Amino acid sequence: MENLRPTEHIEYIDSSLKLIVSDSHTFGTDALLLAAFSSPKRKNTVCDFGTGCGIIPFYWLREGVERVHAVEIQPLACDQLQRSIEINGIGEKFTLLNCDLRELKGKLSSGSFDLITMNPPYTAEGHGIESSSAADKIARHETSLTLGELFLSASSLLKFGGRMCICLRPERLTEAMAEMRNAKIEPKRLRFVSQRDGKAPWLFLLEGKKGRNPGLIVENELHIENPDGTPSRELLGIIGSYKKD
Numbered sequence: 295m296e297n298l299r300p301t302e303h304i305e306y307i308d309s310s311l312k313l314i315v316s317d318s319h320t321f322g323t324d325a326l327l328l329a330a331f332s333s334p335k336r337k338n339t340v341c342d343f344g345t346g347c348g349i350i351p352f353y354w355l356r357e358g359v360e361r362v363h364a365v366e367i368q369p370l371a372c373d374q375l376q377r378s379i380e381i382n383g384i385g386e387k388f389t390l391l392n393c394d395l396r397e398l399k400g401k402l403s404s405g406s407f408d409l410i411t412m413n414p415p416y417t418a419e420g421h422g423i424e425s426s427s428a429a430d431k432i433a434r435h436e437t438s439l440t441l442g443e444l445f446l447s448a449s450s451l452l453k454f455g456g457r458m459c460i461c462l463r464p465e466r467l468t469e470a471m472a473e474m475r476n477a478k479i480e481p482k483r484l485r486f487v488s489q490r491d492g493k494a495p496w497l498f499l500l501e502g503k504k505g506r507n508p509g510l511i512v513e514n515e516l517h518i519e520n521p522d523g524t525p526s527r528e529l530l531g532i533i534g535s536y537k538k539d
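Yeah, the sequence shown ends on 539 if you go by this note's numbering, and it's all consecutive.
Warning: the hint list may mix true and false statements.
What the hints assert, rightly or not - With a cut-off of at most 16 Å between alpha-carbon atoms, the simulated EDC-like pairs for lysine to aspartate or glutamate come out as follows:
| hint | residue 1 | residue 2 |
| --- | --- | --- |
| 1 | Lys312 | Glu380 |
| 2 | Lys335 | Glu302 |
| 3 | Lys453 | Asp491 |
| 4 | Lys312 | Glu302 |
| 5 | Lys337 | Glu386 |
| 6 | Lys337 | Asp394 |
| 7 | Lys387 | Asp317 |
| 8 | Lys335 | Glu357 |
| 9 | Lys337 | Glu360 |
| 10 | Lys493 | Glu515 |
| 11 | Lys335 | Glu360 |
If you are wondering where the hints come from, they were derived from the structure by calculation, not from laboratory data. If you're wondering where the values come from, they're calculated on a predicted model, not measured in any experiment.
Full structure from sequences and hints, please.
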């Protein structure tokens, strides 16, 4: 009925917005946290880099953003996302590019975006045990893009004062801030995420603004669980109501 491939299923982002996910191109809590943290306004010009299954732009659409852009290098992920766009009839709201982020010149308008996000690979090239599948390698390891290249690509598209939001493991925080500043994007807002109160953070959410002066705000830590292990009220508010089909 939905032209699904093996290993694919539908998740309802709300009562009517359907997203195709698969074993290779799916999403986790971190992507939802980043989508909420970035919090674009309704008429903002927005783009999600390395969008995968498209969860971040779909989240934005659910929250009322009028039009979204997304870039993904993997053809199979783009095919999957394109079918999600088609089954929802939202082609007029969604621009999808199958492209390397280092080759965006002329494909998207320079200096025109209010917000760019990316949930980048958590492991730098040459660190950690590499995943076995090609899709996992691209998603989890910097095999095709470095943080420096990511921020330079974003900087070329952002307006003055435009925002770049990412999430990464805490051990890469200083690296991310340094590479942001090298690309003329000033780190302005930081939030750590932990499983529950008293646990060490496993993720950070970072916002930078192009061309702005130094001055970093560190927000209260986000806990995704209550002390008894149930989902926190804030996490439930971010997730909203969706279900698998």
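Determine which of the earlier numbered hints do not hold for this structure and return their numbers in increasing order.
As far as the earlier hints go, 2, 3, 6, 7 are violated by this structure, in ascending order.
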